[in-house]
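> Got two chains here, each in a separate frame; can you build the complex from them with the hints?
Residue numbers (UniProt numbering), protein chains in the order written: chain A, 1 to 428; chain B, 1 to 438.
These are calculated hints, taken from the structure and not from any lab test. Fair warning: there could be bad hints in the mix.
[As the list claims (entries may be wrong)] Straight-line Cα separation of at most 30 angstroms, DSBU-like style, residue types lysine-lysine; simulated pairs:
| no. | chain 1 | residue 1 | chain 2 | residue 2 |
| --- | --- | --- | --- | --- |
| 1 | A | K77 | B | K34 |
| 2 | A | K22 | B | K97 |
| 3 | B | K77 | A | K74 |
| 4 | B | K380 | A | K92 |
| 5 | B | K60 | A | K97 |
| 6 | A | K88 | B | K191 |
| 7 | B | K194 | A | K92 |
| 8 | B | K257 | B | K194 |
| 9 | B | K60 | A | K77 |
| 10 | B | K82 | A | K74 |
| 11 | A | K77 | B | K187 |
| 12 | A | K93 | B | K119 |
| 13 | A | K46 | B | K77 |
| 14 | B | K257 | A | K85 |
| 15 | A | K92 | B | K77 |
| 16 | A | K377 | A | K410 |
| 17 | B | K34 | B | K60 |
| 18 | B | K97 | A | K95 |
| 19 | A | K377 | B | K398 |
| 20 | A | K66 | B | K77 |
| 21 | B | K187 | A | K85 |
| 22 | A | K88 | B | K77 |
| 23 | A | K93 | B | K195 |
| 24 | A | K92 | B | K119 |
| 25 | A | K66 | B | K84 |
| 26 | B | K84 | B | K34 |
| 27 | B | K426 | A | K85 |
| 28 | B | K195 | A | K97 |
| 29 | A | K74 | B | K97 |
| 30 | A | K425 | B | K8 |
| 31 | A | K93 | B | K34 |
| 32 | A | K77 | A | K22 |
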Amino acid sequence: MAPPPPPTGMLELLEQLDVLEKSANLSASIHDVQSVIDLLTAARDKVAADPQTAPLTLAKLQDPVKRSLEQAQKDIKPIYSGLNKYGKALDKKFKDKPIPPASNDALSSHPRLVNRAISMHLLREGEFSVASTFIQEAHRHPPRPEPTASTPNPSMNDSREADLAEESFNSEKLQGQFREMYLILHELRQERNLEPAIRWARQRSDLLEARGSNLEFELCRLQFVCLFVGHGLVADDDEPMEEDPQGPLEAYKYARREFGHFRGRYAHEIQQLIGAMAYWQNVVDSPYRRYFYNNTAWEEVATSFTREFCSLLGLSADSPLYIAATAGAIALPHLLKLQNIMEKTRTEWTTQNELPVEIPLPPTYHFHSIFVCPVSKEQSTDANPPMMMPCGHVIAQESLDRISKGTRFKCPYCPMESHPRDARKVRL
Amino acid sequence: MAELTTTKLNAESHLLLDQPLLRMPHELSRRNQKNAQRYVENSTKDVLSSLTAAAKTASKRPTPDAALSSLDSIITKMQGLKRKLENLHDEEMRIHKSNRARLRHLQDLYEVQSLVDVKYDEWSRTRLSRLLVDYLLREGYSESAAHLAASQGIQELVDVDAFVACHKIEKSLREERNTSLALNWCKENSKELKKQGSMLEFELRLQQYIELVRQGHQAGVGDVDTDMDGLNGVSLDGASTGAGEEKLVEARAHAKKYLSASGDFALLGKAAGLLAYRPWDDVKPYSELYSESRWTHLAHLFLTTHHTLYSLPPRPLLHIALSAGLSALKTPACHSAYTAPTTMPLTSSSNCITSTSVCPICSTELNELARNVPYAHHSKSLVESDPVVLPNGRVYGKERLRVFCDKVGVEPGWVRDPVEGLGGMKWRENEVRKVFIM
Ligand SMILES: [Zn+2]
Ligand SMILES: [Zn+2]
Numbered sequence: 001m002a003p004p005p006p007p008t009g010m011l012e013l014l015e016q017l018d019v020l021e022k023s024a025n026l027s028a029s030i031h032d033v034q035s036v037i038d039l040l041t042a043a044r045d046k047v048a049a050d051p052q053t054a055p056l057t058l059a060k061l062q063d064p065v066k067r068s069l070e071q072a073q074k075d076i077k078p079i080y081s082g083l084n085k086y087g088k089a090l091d092k093k094f095k096d097k098p099i100p101p102a103s104n105d106a107l108s109s110h111p112r113l114v115n116r117a118i119s120m121h122l123l124r125e126g127e128f129s130v131a132s133t134f135i136q137e138a139h140r141h142p143p144r145p146e147p148t149a150s151t152p153n154p155s156m157n158d159s160r161e162a163d164l165a166e167e168s169f170n171s172e173k174l175q176g177q178f179r180e181m182y183l184i185l186h187e188l189r190q191e192r193n194l195e196p197a198i199r200w201a202r203q204r205s206d207l208l209e210a211r212g213s214n215l216e217f218e219l220c221r222l223q224f225v226c227l228f229v230g231h232g233l234v235a236d237d238d239e240p241m242e243e244d245p246q247g248p249l250e251a252y253k254y255a256r257r258e259f260g261h262f263r264g265r266y267a268h269e270i271q272q273l274i275g276a277m278a279y280w281q282n283v284v285d286s287p288y289r290r291y292f293y294n295n296t297a298w299e300e301v302a303t304s305f306t307r308e309f310c311s312l313l314g315l316s317a318d319s320p321l322y323i324a325a326t327a328g329a330i331a332l333p334h335l336l337k338l339q340n341i342m343e344k345t346r347t348e349w350t351t352q353n354e355l356p357v358e359i360p361l362p363p364t365y366h367f368h369s370i371f372v373c374p375v376s377k378e379q380s381t382d383a384n385p386p387m388m389m390p391c392g393h394v395i396a397q398e399s400l401d402r403i404s405k406g407t408r409f410k411c412p413y414c415p416m417e418s419h420p421r422d423a424r425k426v427r428l
Numbered sequence: 001m002a003e004l005t006t007t008k009l010n011a012e013s014h015l016l017l018d019q020p021l022l023r024m025p026h027e028l029s030r031r032n033q034k035n036a037q038r039y040v041e042n043s044t045k046d047v048l049s050s051l052t053a054a055a056k057t058a059s060k061r062p063t064p065d066a067a068l069s070s071l072d073s074i075i076t077k078m079q080g081l082k083r084k085l086e087n088l089h090d091e092e093m094r095i096h097k098s099n100r101a102r103l104r105h106l107q108d109l110y111e112v113q114s115l116v117d118v119k120y121d122e123w124s125r126t127r128l129s130r131l132l133v134d135y136l137l138r139e140g141y142s143e144s145a146a147h148l149a150a151s152q153g154i155q156e157l158v159d160v161d162a163f164v165a166c167h168k169i170e171k172s173l174r175e176e177r178n179t180s181l182a183l184n185w186c187k188e189n190s191k192e193l194k195k196q197g198s199m200l201e202f203e204l205r206l207q208q209y210i211e212l213v214r215q216g217h218q219a220g221v222g223d224v225d226t227d228m229d230g231l232n233g234v235s236l237d238g239a240s241t242g243a244g245e246e247k248l249v250e251a252r253a254h255a256k257k258y259l260s261a262s263g264d265f266a267l268l269g270k271a272a273g274l275l276a277y278r279p280w281d282d283v284k285p286y287s288e289l290y291s292e293s294r295w296t297h298l299a300h301l302f303l304t305t306h307h308t309l310y311s312l313p314p315r316p317l318l319h320i321a322l323s324a325g326l327s328a329l330k331t332p333a334c335h336s337a338y339t340a341p342t343t344m345p346l347t348s349s350s351n352c353i354t355s356t357s358v359c360p361i362c363s364t365e366l367n368e369l370a371r372n373v374p375y376a377h378h379s380k381s382l383v384e385s386d387p388v389v390l391p392n393g394r395v396y397g398k399e400r401l402r403v404f405c406d407k408v409g410v411e412p413g414w415v416r417d418p419v420e421g422l423g424g425m426k427w428r429e430n431e432v433r434k435v436f437i438m
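Bound conformation, chain B alone (with noise of 0.2 angstroms):
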């Protein structure tokens, strides 16, 4: 049979939860490899072409002063790298001085054997910081993130700036209705993107049409005054010049030179259809593309792109290990109509047998929240030792309740219901009888 309780700890298998914590470092310093690699290959391109055409220059007609400015400008340039590959270099140094942190915690855990060792309960309030500063920083609460990594001292194990940059970029989706960032945040990471298969860029730029088509029939109601032929302002001859139609130009073009490449091409004829249904003739499958939902949608594209290429979780790693642990220490008790106000852990230690404590899920904070999740399995019973009935039905520990009744001062011969107190009832002693559990 499985065990019903342990107190051993085997790190090896109880890191499920900390693969991020190592895989967001390791991207980040990929990525600044590769940006170190492409400045020094287009600089070296760059110098050595300038150098070779002041040569020549300086060869064919000699004049001092060019050579001199060609010059200059060239030792800007290697200045210029310079710089930025001293700040990239600033920039992997301080990733893996965090990334040695995160290395060291986790092998913090590797010292502790077991689950009620002190050690396992400060690394383990420690792990729980992280993932509360994981969960602010995905929800968008940068601020309370940032300023709980500092209060507890874990802002190296923790990605701040990272998310702050992602939710700017979401929040710009999301709120402005902009596609710059993310356009630019999909050029920087253009080769990681097409590896992926994302189609983020592509729904950016067919974004980009659908808003060009609006503006244009929003301007083409002022460009004609009537509708009669249909067209919404769409000249076939190409002869009227209104705003409206410049811009129904221009979203033409961009379709051209950003979406027709992707094949799709029952997406493509959607598109085109654009042009003939205005965003308030409210006819599908039209009304879709001109939907202000799909702003939700991108900035959410965005959010899961960005989490895959970084190897993040799709939801906060504090939910996955809160469901699990709920249901670990939930019981039918933590949510019946009749569960005592107080409760205890079974195996406190006797010269605390009295003192109760809430358990955490019967508790205001979780109890709620634990209402939709299974409970525990047992498979046996678990109750004191020496149980014992009151007239009342509840079961106590027979050395539980003595010492209870001696602390509170009830008369000898005489017991109360722990729960009660006493301000509940009071029974004869030979009233209480054992009780059998198997």
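Only chain A is shown next, with the shape it has when bound in the complex (with noise of 0.2 angstroms):
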């Protein structure tokens, strides 16, 4: 018989922690314990009982109680080779996924910046009242920057990091921001109530606008369709929308009343919503379907609600800090490798300007278009910008000067000449 393919992932372990909860745990010694109580509270009764019988009946004592005692000691044993067992096992999951050794730690340095990205990463999860816990905690104890390869003396920079991390930290300001944008976003996801989101986006019109935004649009979308099927609800999945018949006239009201400033920018998206009001009794089957039948389009205004909300305060619309520690997990192994070939080399990557090897990361997690020269494959920097020749083709300045000298050359992509005073700096 084969045996049995060796368990994935933590089912072994798993496996070994049943024993311990279902056998291998005290109360088998606990038991023992009673009885040896029993024992003796047999004893005592009988003495009690008759006196006369006490040495003989304590001499008689010795033997069981000793007995029993030994057993809830032996009863201990399983505990320990299970521990022992699941330790071992436990040691083998892990042999190849050590802990980062702390040189790896860029950040105890800067614990007052730590701690108010912390604080601004609460509030924007809407934990305030963590958050103000927090707040008050770090307050009385403020941290104790540590040295790191980086930053071996963090006392210097400490009192300037305090007063940078006091502008925001303390903050009644951000926090009353955050408590805004979820206030409206419960209005949004439990209430299915649009009016305090459409109050905000309309008293940023010019902002969101001047952005390419969408989102009053959107809102205002949303409402028309609500007021259309007769109600603020629009159809959970497994409720099919009902329509009434007062509904469409509530709606043609609405976008008179409210459509007149998209006319200029959303003419043919209003068009279509105002097309589907004669297919008022069944607009299931009509062309329309797919505005009105959008059950995720509460996820989506809200989404698109938080994006301008953050993007209007300068933030990043998912936590920062949800997404460098998850950047940060997926970029481990491979940094891991790495140290094992910096070491033999005496350096570690976190004192370095630029990471020595590629991490590669979901798309979604490139936020900034990437110009790498073609001719020196180093990144563009301020010091080294993007050179447009007129050709159209883009190489880092410092190529540009390497290939030119300050005089006539010929790009190296395309037969084209010309001199490095007609290149452009571009900006990606």
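This is how it looks when you write it as structure tokens:
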């Protein structure tokens, strides 16, 4: 018979934990101790009833008590061996997954900035009460910076970082802003109430429009749909929308009242919405179905709203702490491999200017365009920006200087010749 | 060439941050088992000898009362043992339950294959909460830690109690300058500490000695009005019996009992020298021993010893994760003087092509923190498809530029820079040119 395949993941550890929970635990020893107590109590009763039996009873008690107590000790042994076995399996499981060494830590030297990032994270996640506990606690016990490879003297910039952190860390303003965001999100998600979000967007329509955001229109369109179907609730997954004869009329009035200033930018979309009114009795079978039977509509506007709200505050839409910690966990296996190589050269990756290896991340983790000079293979920086030659090809400033030596030169990628002064700096 | 992006999740190599999650309950279980064994062994010895003694007494001078009272006391002892074992049993089952939750949590990751699966997203959020609670506990913010753990419902995945106990001892050293809690802890863990070759207990005993000598010298100031002999109140014949003198004698006895066995003669010489130099004499190397900073050193040493004993990493795992993440995400643009205020994920789906969101490293939370870490390495340019350049030098994907201009309502034949929005310059479409990025 072939041996069963080795359990994957944590299953082997779970199996051993089963043994500890079900049998290899202290209940047996407790039982043994209870039997000693029973023996002793019985003996006591006997002596109390007939004092003459005391010497004999006590003498006869020795052996059984001893046996039970030895049994109690013996019954602890399976716990010991069970834990040992579990420990060995644990060692095996993590043998190739060592805990990254402390030299990988670049942040202990900036504890105030870490605390600020955490408090902002808690606020943006809606953990207001935890955030306020934390802000108070951190205020009572300011953190102590520890040296790291890249910042061996952290106390030097601690006071500057304290000021920087103080700005937003203790800021009632930020707290108020996130509270407002959560209130509006709550109304959207739980109450299916668009009013507060529409009010917020309308007050900032200039800023939003300049960003090319269509949040306000998205919100109003959803409001129109809600009125059209006659109630505030767009259908849940299991419950199809019911049409209310009054609905289309209400929606029409709403469109006349509110859509006026969307005419220029959203003429096409509005036309489609109004077109749907012809099908008011059976919108499900109409070509406008997709505007109405959209169960994710509420989640979509909530996401758009969060993104715009945070962007106007200069903050990223998802928690940077979350994105960075996740990216870090994805990067660590790669950095660990690197660590083994770098140990030989006695350098730490945390002290370099640029990571020596490429870390593959999911595409959603790329936020900036990247320019890598095709000649030097270096990334562009402020000091070495990308330069576009008249032919439209782009190379880095330093490469341009090196190739041209200040005089007319041929583009490395096409036959066109040009003078370096004709190259233009571009920004990605 | 190495791949540039990936969405593949390999749980087996992904769990670098998670070993301590399982180490702590295992260590706690082992400690629990050892305590149980100790209790049972001690009680066995005790009860058997009491029983033998009682039997002997009963056979010699049979007084029923004596027999009853010795039986009663043995029963009380056994009931005490049973209670202790029951408490340890509750504790072991509590630890197992929490360990099961942790194993299940890690097992969940094995069920996910892709980094872009929402299940991974959820899992990673739980991991972040864990790392945050761990960080808060390490930094001594235990109230916040407990609050966050409860709010996220992850109490079984974090070790609030263990850290609270640890910080109580650390604080007793750092702030209260008291060695008794720490010495107690050393006693409870003496076997493991010996195996580790830990110097903690010795250092604590040394500190006790230093404090006795300090008190002796301070009290000695009152004992002797003039200190002409230069012996600082230490009389050589032992005739004087001032309070200061008594303390110094006590110190010597303490040193003999706890320090001399160490065999560190240089240190012992220094310690003996303390008797001759007072704290305010400010003579090296004795002033170092008298220094207040020794308490900070002791607090530190305790934490290191504690963390090693429980297989906890020396620095918070949050720092390790974030340090790596900041570098993996950082680009030269994140601290550039010219960076556009808004950026966007390059692979935004077409329906939200114009919606921009701020890069996490450019965002206030992390920007300053990321200043000192290396930026990510890239071997290839990463730009939107069909890039075009505006007269101001900004490069955009042709499609994104078109959609943006449609959305904000730029007149046909004209374009605007999305970064500058409606407030900025406007150019004719024919001024926009193609750019080749290789
Ligand atoms: Zn060219
Ligand atoms: Zn950035």
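> All hints, please: hold or fail.
Here is how each hint holds up against the structure:
| no. | hint | result |
| --- | --- | --- |
| 1 | A:K77 with B:K34 | holds (10 angstroms) |
| 2 | A:K22 with B:K97 | holds (12 angstroms) |
| 3 | B:K77 with A:K74 | holds (20 angstroms) |
| 4 | B:K380 with A:K92 | violated (39 angstroms) |
| 5 | B:K60 with A:K97 | violated (67 angstroms) |
| 6 | A:K88 with B:K191 | holds (20 angstroms) |
| 7 | B:K194 with A:K92 | holds (25 angstroms) |
| 8 | B:K257 with B:K194 | holds (18 angstroms) |
| 9 | B:K60 with A:K77 | violated (39 angstroms) |
| 10 | B:K82 with A:K74 | holds (16 angstroms) |
| 11 | A:K77 with B:K187 | holds (24 angstroms) |
| 12 | A:K93 with B:K119 | holds (23 angstroms) |
| 13 | A:K46 with B:K77 | holds (20 angstroms) |
| 14 | B:K257 with A:K85 | violated (40 angstroms) |
| 15 | A:K92 with B:K77 | violated (42 angstroms) |
| 16 | A:K377 with A:K410 | holds (19 angstroms) |
| 17 | B:K34 with B:K60 | violated (39 angstroms) |
| 18 | B:K97 with A:K95 | holds (24 angstroms) |
| 19 | A:K377 with B:K398 | holds (25 angstroms) |
| 20 | A:K66 with B:K77 | holds (15 angstroms) |
| 21 | B:K187 with A:K85 | holds (27 angstroms) |
| 22 | A:K88 with B:K77 | violated (36 angstroms) |
| 23 | A:K93 with B:K195 | holds (24 angstroms) |
| 24 | A:K92 with B:K119 | holds (27 angstroms) |
| 25 | A:K66 with B:K84 | holds (19 angstroms) |
| 26 | B:K84 with B:K34 | holds (13 angstroms) |
| 27 | B:K426 with A:K85 | violated (73 angstroms) |
| 28 | B:K195 with A:K97 | holds (24 angstroms) |
| 29 | A:K74 with B:K97 | holds (24 angstroms) |
| 30 | A:K425 with B:K8 | violated (37 angstroms) |
| 31 | A:K93 with B:K34 | holds (24 angstroms) |
| 32 | A:K77 with A:K22 | holds (15 angstroms) |
Checked against the numbered hints above, the structure breaks hints 4, 5, 9, 14, 15, 17, 22, 27 and 30 and satisfies the rest.
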